[in-house]
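Take the given structure of chain A and dock chain B to it, following the hints.
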Amino acid sequence: MTFKPEELAGPVEMSDAEALWYSGKWIDRVPQWVSVTVLGLAMLGIWWLIAELEFVSRILLPGPAETFEELWDTTKNIVSGGHIAEGLWITTQEVVWGFLLAAFAGFVLGVVVGETRLGKRAVMPYLVSFNALPKVAFAPVFVAWFGFGVNSKIVMATFIAFFPVIVDTAAGMLAADDDTLMLFKSMESSRWQTLRKLKLPSALPFIFAGLKTAAVFSVVGAVVGEYLGGGHGLGELIRFSAQTLRIDRVFALIVYLGVIGLLLFGLVAWAERKLLFWHKSEIFEIQGTG
Amino acid sequence: MIESTDSVDRAGQQPRPVNDEVVRITGLSKTFHKRGLNALDDVDMTLRHGTFTSVIGPSGCGKSTLLKIMAGLIPASSGEILLNGVEVTGPRQDIGIMFQQPTLLPWRTSLENVLLPIEIRSGSAAAQERSADALQLLELVGLGGFDQVRPFELSGGMAQRVAICRMLVTGPAILLLDEPFGALDELTREYMNVELQRICRERDATSFMVTHAIPEAVFLADQVFVMSARPGRIATIVDVDLPRPRTLDMMTTPEFGALVRRVRHELNMGIGEGGEE
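In order, the protein sequence lines correspond to chains A and B. Numbers 1 to 290, taken from the working numbering, label the letters of the first sequence in order. Numbers 291 to 567, taken from the working numbering, label the letters of the second sequence in order.
Excised from the complex, chain A in its bound form (with noise of 0.2 Å):
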């Protein structure tokens, strides 16, 4: 029995009838960025009316009309330099610098967790229970340790972002399956060649998942620093914003901080798709467009 690669044809064009039948549920029916709209504008709407209607007080909830004017006025000011940018700027560089610190550090360290066995045995049962706290109660600690600057929300951001990193490398470590790492064994391959050649691959859709959940993190951090250790960043932009009741100046500056997090987070997930074209849910998409 020979075969040609011919036989892996790609998708084909559903009948009618098929077509039909596959799309029992209206909602599969109309496309998606349609119902994302629909749905997006029918939130706006209730927002709209709430904040019409005045049940809650407009300074305490400005309607979509004056937050979209705040945040024209907020994107005006980053555009011309102002102080708003000067925020971004800083918050934009504790993140980053929050993110590659805990990656960096999360992935060596999670690789000689997950590599030894003392790791294995006595590092990771602290680490799970240290995953587990509220890490964002140390960020005091940071502010006394590391003063009002930039240093403490950098260190708050690598703190809470380092976690999900360390965990899900030492996770994929131990990925390989049984069979594989015999089969390594049996071609006597050397620890390295086995870490390098089998480990490493096998752990890299556990290593993107915490990496992906450390740039959500990360931003967190660095807010939650900002918060509680002043500064110039967003966050300290947020919290003041707050105090004196602009709140529509609160919802806008949270675009932007979104926007980091969401480009960070992006980044990272492009990255994924790069190198795991080979992975089941990269796969998945690839098969799955009909």
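The hints are simulated quantities; they were obtained by calculation from the structure and are not laboratory data. Glycine included, each C-beta is placed from N, C-alpha and C at the ideal position. Honestly, I wouldn't trust all of these hints.
[Unchecked claim] Think about it this way: if two alpha-carbon atoms lie no more than 30 Å apart in a straight line, the pair counts; the simulated DSSO-like pairs of lysine-lysine are:
hint, chain 1, residue 1, chain 2, residue 2
1, A, Lys197, A, Lys135
2, A, Lys120, A, Lys280
3, A, Lys120, B, Lys324
4, A, Lys120, A, Lys135
5, B, Lys324, A, Lys185
6, A, Lys120, A, Lys212
[To be verified] If you only want the chain B side, here are some residues facing chain A, beta carbon under 8 Å, derived:
hint, residue
7, Ser368
8, Pro396
9, Ile410
10, Arg440
[Stated by the list, open to error] Chain A regions said to be covered by chain B (calculated; three or more residues, Cβ under 8 Å):
hint, stretch
11, 175-185
12, 188-194
13, 197-205
Then chain B, alone, in the frame of chain A:
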């Protein structure tokens, strides 16, 4: 490893291996001390060049343990394994092995997977130089043109064909097959048995296969070793003298049926013997 006086005596009694003897096992025993399990007890066997040997036995009879000891993956408690006259003390390049799962690396192409053993032992440059051989092997197993395809695009049977190539690429003296087609569906499995026979004949390979499918054991083998459990030992050897190449049609002949019945009978005897637990 300390050799028992028993195996030394044996070595004294028996003549040195004849030319066509690839594997000689004498007085092989294995005890798993933690569990106090006597997995293998005093196993002797000889595998001759170009022959196919099937090992069949109830689960827990130590057949997989035997294969792993032969592969140098776990140590024996006592006894000796000679491969081409040299004692097996650990993994070796002249031992080829294949498992129930294809164990292909999903991030590598078929070709890169086939070349993996060369790459591990001699480096990437050496592997590169052997690509032509690897491509030829892929051609041999019917996967010509699939060298740049990754495992997720292959069916189960195709993936096992790639695993066969990876096993053959170092030119091993013995092929150790641990239930190689156990995870495949029945039809694919039969196809793969015919294919394996063809490949083994073309390469003039010496093969040793662990299985728990009686028809498969008989179909492929020149001799079937029937094992009994607790302690694991070879209860009987059934010689299969059906002509080669064997075809799937032969599986319906009375001769084939008689051999299957005989193996099943011996298996039942073995289970009855060791089944007090």
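Violating hint indices (sorted, rising): 1 and 7
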